Amino acid sequence: MFFRKPHRYALPVVLALALGACGIGGGADDSEATVSGEVTGEITFQTWNLKGNYADYFNGLITAFRNANPGTTVKWIDQPPEGYQDKLSADAAAGSLPDVVDIGPEAAFTLANAGMLLDLSKTDPEAKASYLPKAWDANTFPSLGGTYAYPWYLNTGPSFFNTALLQKCGVSKDPLPATFDALFAAGQKMAATCKSDATMVGRLPAIETFGAYGVPLMDQAGTRFTFNDAKAVELVNHYRNLYQAGGLTEETLNELQTGELDAFKAGRVGWLPGSSYTLKDLKSTAPKVAETVVISPQVTNDKPNMYIESLAVNAKSKNVATAVAFAKFATNKENQLAFSKQAAIFPSAAGALDDPYFTTGDGTDEAKLRLESAKAVSDAIVYWPAAFSSKSVDYLREQIALAVLGKKDVQAALDEAVKYADASLPKK
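The numbering of the sequence shown is the working numbering, which starts it at 1 and goes up by one.
Calculated from the structure, these hints are not laboratory results.
Be a bit skeptical, because a hint or two may be false.
Just the calculated beta-carbon pair ranges, DEER-fashion [claimed, not checked]:
hint : residue 1 : residue 2 : range
1    : E250      : E334      : 44 to 54 angstroms
2    : K75       : A412      : 26 to 36 angstroms
3    : G406      : K75       : 36 to 46 angstroms
4    : S172      : A90       : 14 to 24 angstroms
5    : E334      : L371      : 42 to 52 angstroms
6    : N332      : P70       : 11 to 21 angstroms
7    : D197      : D355      : 19 to 29 angstroms
Quick caveat: nothing in here was measured; it's all calculated off a predicted structure.
Note that beta-carbon positions come from the ideal geometry of N, C-alpha and C, so glycine has one too.
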């Protein structure tokens with residue numbers, strides 16, 4: 001499954017309870033030294049909702065690994081999109097977590113805190129040079145003192161602007177907003193012309209929005225959240241001002257990503273932060289809107305945002321040498337490039353984005369989208385803190401909504417959200 005925004009599941013709570021009940025403690029794993037041993041025997045490899053479209057790729061990958069490592073067997077398990085969190089938590093609690101797991105930073109943080117994932121900073125520190133620095137950093141958790149997964153694929157997306165709607169509401173497309181300051185100014189202009197019939201923005205800011213706006217999200221040690229500084233207050237005030245001017249509807253305050261997308265397709269929202277899949281989806285499901293869309297660089301005051309999926313190795317694996325070898329094989333430059341060219345994703349392997357596939361195009365909208373996204377990925381950051389739980393996501397949105405409605409002071413709302421998020425951090 002691609003363009004994975006942090007998984008909307010309560011894995012940290014469920015897993016903590018399950019591991020506690022089984023007597024599995026948190027903290028350090030068993031990986032205190034470099035992994036050694038013969039690459040042989042059987043391992044299990046789990047992906048998330050990839051078999052339907054990419055069975056040939058993965059079967060070929062496994063065959064190539066086995067040919068390069070005689071005596072090995074890889075059992076591939078692909079989980080459906082629904083219930084992946086339940087499967088991860090159940091397997092971890094039962095001690096049956098697969099040897100190599102397809103995982104995002106949020107779940108990796110929780111499993112690593114429970115001592116379930118191999119710490120690559122101890123067992124394979126040289127691997128860091130094989131990946132983009134920011135991709136490696138996304139799996140490095142300062143509060144736990146290690147790096148817990150090999151970076152795999154990345155995704156991001158540019159901005160999509162409905163230029164017909166912007167023109168109708170008095171906003172020029174030359175230039176289109178590239179920063180949040182410009183975006184909010186255009187939103188105010190739209191509000192003055194079209195009121196709540198059409199808005200520039202389709203939902204409230206999420207935690208990664210704060211990062212892209214220039215707000216530090218955590219301290220360097222990863223021990224406390226910091227998205228309640230003056231810059232964060234400034235961001236929320238922009239949304240509050242938009243709401244007061246009619247540039248945000250009350251329904252918008254409750255919208256998630258799907259609601260924002262639906263509103264954009266319906267021609268009610270001017271700006272959509274999209275993914276590498278958005279253009280194809282718009283052409284298929286909202287062709288009239290797609291005709292007016294202009295693709296533009298991601299709106300940001302800092303570095304672009306991206307999302308990452310990685311392969312983690314079970315620290316309790318009975319065949320850890322083979323598991324590590326397979327995870328590195330699947331995420332090497334050659335195999336990442338091959339996978340990226342079959343799917344609308346981007347490689348995390350160092351140097352892979354220099355491939356002509358990501359630097360030259362044929363002038364089509366699809367090629368422009370690929371090149372624009374690849375350019376963003378090469379400079380992007382995974383803003384979403386791995387320790388930011390799904391419950392903190394909901395609580396932050398609730399507090400921002402109260403502040404935007406004028407029912408709560410902005411500073412107080414952010415202070416409450418930070419306090420709530422801090423309470424979910426691992427206790428030393």
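Among all the numbered hints in the text so far, which are the ones the structure does not match?
2, 3, 4, 5, 7
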